Amino acid sequence: MKHTTPDHKNGLLLSYKFRSRPDQLKCVRAKVTEAVTSCGCIDNIIQDFVIAVDEACQNIIRHAYQGQPDGEIILEICKENDDIVVLLRDFAHRVDPNLIKPRDLDDVKPGGLGTYFIREVMDEVTFMPPPQNVGNLLKMRKRIT
Amino acid sequence: MEYEVRDEDNASIVTLRGDIDLESSPQSRKILLECIDKGQAVLVDMSGVTYIDSSGIASLVEALQKSRQNKCYFGLVTVSEGALRVINLARLDKVFAIHDTLEGGLKEAASS
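Protein chains in written order, with my numbering: chain A, 1 to 145; chain B, 1 to 112.
None of these hints come from the bench; they were simulated from the model. Given the structure is predicted, the values throughout are model-derived calculations rather than measurements. Heads up, some of the hints might be wrong.
[Claimed, not checked] Think about it this way: if two alpha-carbon atoms lie no more than 20 Å apart in a straight line, the pair counts; the simulated DMTMM-like pairs of lysine to aspartate or glutamate are: (1) A:Lys31 / B:Glu23; (2) B:Lys94 / A:Asp106; (3) A:Lys109 / B:Asp93; (4) B:Lys66 / A:Asp107; (5) B:Lys94 / A:Glu120; (6) A:Lys109 / B:Glu62; (7) A:Lys31 / A:Asp83; (8) A:Lys17 / B:Glu23; (9) A:Lys139 / A:Asp83; (10) A:Lys26 / B:Glu23.
Working from the sequences, and respecting the hints, build out all of it.
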C-alpha cells in the first residue's frame, strides 16, 4: 500500500492508499492519529478525526464496495488554516448522498450509527463530485483551534 | 481484540481488550450472545477496550436486546474513557447499565 511522505508546506499531512478490507482499519486509525497529532490537537479532537475516518471507511467497505475486499480507497488529510480537511475517495458504484442519513437515536437498535457519529464529530460533511465522475469523494472538515 | 470469559456469582464476566471494530466486532457479538444463551447475568468488563466503533456498539446493543428477551441481566463495568465517550456519543449511556466497579455490577445483577 502506498504511503506518500506528508508535505507540510502545502498543508498535506497524509496521503494513504489502501484496500477495502476491515483489517486495514487499525493501520488507518494509527495514521490518522499521527497526522492530526502533528498539528498539536488535543486528545478529544484527535479521537473525533479517528472516529469520523474509521466510520466513513466502514461505510465505503460495507456499502460502496459491498464487502468486496480489493477496492481501492485513498485517504488524504490536509491542514487549511485553522481547519483539518479529510478527503476520502473510492472507486465503487456511485452512492446517492440523499440516501445517507443518520437514523433516529431514540429507536435503540443495532447498527446505523456510523453516519450519525461522522456528522456529530465533524463541522462539515460533504459529498463532492468525484474526478472523472468515477466513484465517490467525501470531504470532512473540522476546526481545530 | 482479546477476550476472556469466566463465571462468578452466577454471572458470566466477559473481559474485552483492545480494539472492537469492523474486523473484530463479529467475534465480540458471538461471544456475548453465547454467554446470554447460558441464561445467567452477563457483565462486560471494558476497562481494556482501547477503541470501539459503531459496529462494536451494535454488538453490545444486540446483546442487550437478547438479554431482555431472555430476562437476564446485562451490564457494562469499568468502561474505559475512550469507549465511554463513544457510548455517550450514541446516547446509550442511559440505555446500558454501566457500573464503575465489577462488585457494583455483580451486586446489581444479583438483586435484579
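Evaluation of the provided hints:
no.	hint	result
1	A:Lys31 / B:Glu23	17 Å, holds
2	B:Lys94 / A:Asp106	11 Å, holds
3	A:Lys109 / B:Asp93	14 Å, holds
4	B:Lys66 / A:Asp107	16 Å, holds
5	B:Lys94 / A:Glu120	19 Å, holds
6	A:Lys109 / B:Glu62	7 Å, holds
7	A:Lys31 / A:Asp83	18 Å, holds
8	A:Lys17 / B:Glu23	19 Å, holds
9	A:Lys139 / A:Asp83	12 Å, holds
10	A:Lys26 / B:Glu23	9 Å, holds
When the structure is compared with the earlier hints, no violation turns up for any of them.
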